[in-house]
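Starting from the known structure of chain V, arrange chain L on it as the hints suggest.
Chains as they are written, first to last, in the working numbering: chain V, 1 to 271; chain L, 1001 to 1298.
I should point out that these hints are in silico values taken from the structure, not numbers from a laboratory.
Note that the Cβ used here is the ideal one computed from N, Cα and C, for glycine as well.
It is possible that part of the hints are untrue.
[As the list claims (entries may be wrong)] One side only, chain V facing chain L, incomplete, derived with CB under 8 Å:
{"hint": "1", "residue": "T182"}
{"hint": "2", "residue": "V217"}
{"hint": "3", "residue": "Y221"}
{"hint": "4", "residue": "L223"}
[As the list claims (entries may be wrong)] Heads up, simulated PhoX-like pairs for lysine-lysine below, C-alpha to C-alpha not over 20 Å straight-line:
{"hint": "5", "chain 1": "L", "residue 1": "K1002", "chain 2": "L", "residue 2": "K1212"}
{"hint": "6", "chain 1": "L", "residue 1": "K1236", "chain 2": "L", "residue 2": "K1271"}
{"hint": "7", "chain 1": "V", "residue 1": "K141", "chain 2": "L", "residue 2": "K1132"}
{"hint": "8", "chain 1": "L", "residue 1": "K1002", "chain 2": "L", "residue 2": "K1206"}
{"hint": "9", "chain 1": "L", "residue 1": "K1082", "chain 2": "L", "residue 2": "K1118"}
{"hint": "10", "chain 1": "L", "residue 1": "K1132", "chain 2": "V", "residue 2": "K237"}
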Amino acid sequence: MISLTLNVALTAGLDLAAINPTAFAGLNLAKIERLRIQYGPAQVRLADLFRITGTLDESLEINSESATLHGIGSALNSGKITLNGDAGDYLGAGMRGGEVVCAGNAGERAAAGMRGGRIEVTGSVGNFAGGTLMGATTGMKGGALIVGKHAGARLGDRMRRGLIMVRGNVGPQAGSQMIAGTLALLGGTATGLGTGMRRGTLLVADRDAVLPASFVVTGCYALPFVAVLCRHLAALKPPWRSRLAAFTEIERAVGDRGCDGLGEILIARGE
Amino acid sequence: MKINGVVIENTFAEAFPMKATRLIITALNPTWAMNSAQALTGFATSVIACGCEAGIERVLSPRETPDGRPGVAVLLFAMSTKELTKQLQNRVGQCVLTSPTSACFAGIDHGDPLPLGKTLRYFGDGYQIAKKLGPTRYWRVPVMDGEFLCQDVTHLTKAIGGGNFLILAENQTQALAASERAIEAMRKIPEVIMPFPGGVVRSGSKVGSKYKALPASTNHRYCPTLKDVVDSALTKDVGAVLEIVIDGLTSEAISLATKVGVRAACGLGRKGGIIAISAGNYGGNLGPYHFKLHEILK
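Extracted from the complex, chain V is given alone in its bound form (with noise of 0.2 Å):
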């Protein structure tokens, strides 16, 4: 494994989304170093900011305690890239492979147009995480992001495939706009859950979240998909399998019926 650490107090924001183990290919350690990538204004050199040891292989330590390190795992087709510290913005986003794990907090948009792979982060994450990158028209396409606290605003913006899974609060809006994919919500949600949505599920943990007048309750149900759902969600995360417990009935709510959409918010209603 390469591990880079940090050893520069950073001023400006570092663009880490070139470096990963698969661009670590058939390099050594002196070519790595001499890896260039964007700070602030600037190109340096990987060296320059990192003190770079290790053998190469296919995964990848990054020390920092930094927050500004962004676009990790980005361009990640496959390997492993660990995260001791806090991501910047971009984490994981557009990534297609490959496994990412950030033991502290995430920035903007993580997981924004993600393909594939799975993002793991310990603390929260910013707003419009599995959301839209940058002018796209469509969100996540693939792949799960788990969400060890917190999440922002308008979580899984126009999210067209993939899962996101959430163990703290989200912020407003999650679930704005999907067209489809999964949001598990294991925590408690704010204002204007599915707000424009068209297709897509949201499984909802809080038992009082606050449903937008513009979806329609149809009823409880114990929906053998949601049993298969929560299996597949407790493989992803087997300590948060107690939080699913109560996933046997659901109250299903189909909307966002404002923009004629078909989406559903499911809320928990077993014992």
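Same frame as chain V, but now just chain L:
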């Protein structure tokens, strides 16, 4: 070779390659899972006229099913991928989709895909929902009791059809008793089905007929009422013959089922009226799989 006084003839069952898949049908309770499975596997005794051969492999506990409900594993066998695809769509569409509280999952996760929910989803008339969890896609079709959940595809596997053995007894009652014992034991073996009614067939067939339109006709050499009329394969003391046909996913599974079944049938012994165990073959010209009784039972 003899088992419990029953002669094991030195012959072999001749089987042929087939295409197969496994489905897992679940429902709210075991009764409704079984209702659906029985409907799906109905009229599927022989590819000669049913399109496929199908049967219940085993009952599944909630721990063994994808949705944590009681279930039944069924196996379907056909002579071609095209026919298996057709039978799958018709049978799941008419017998599982229609069955209250049911859901349908793939029971084999490798091999070429066979459409399942992929085609049945259109019943949802636009209200169906696709869900992809990991690599697996599901379809949720709204129906009058809630929702029909169906996996997008199941998978095809190479299989073997036509494994068999014959129970030769003094009379019909004894042959039937031995068959029932055999089937009870064989139903515990995974990866095999015995597709005929109760697992037993009394109208064993030969290839061809004096009537040109018929691909198969009665195996006259094993009909006791023709013993003195044709070149019978039966001795004078044989008064009834019953056959157990076995389809399996592997030759090992068929061999094991044959072994278990024959031993169970021989449990009645010569004193119970069981005279011999034989097997149906066509001189080795029909199928590449030969299940030799003496080798299996040694």
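Hint check results:
no.	hint	result
1	T182	7 Å, holds
2	V217	15 Å, violated
3	Y221	6 Å, holds
4	L223	5 Å, holds
5	L:K1002 <-> L:K1212	40 Å, violated
6	L:K1236 <-> L:K1271	17 Å, holds
7	V:K141 <-> L:K1132	11 Å, holds
8	L:K1002 <-> L:K1206	27 Å, violated
9	L:K1082 <-> L:K1118	15 Å, holds
10	L:K1132 <-> V:K237	18 Å, holds
Comparing the model with each earlier hint shows violations of hints 2, 5, 8; every other hint is respected.
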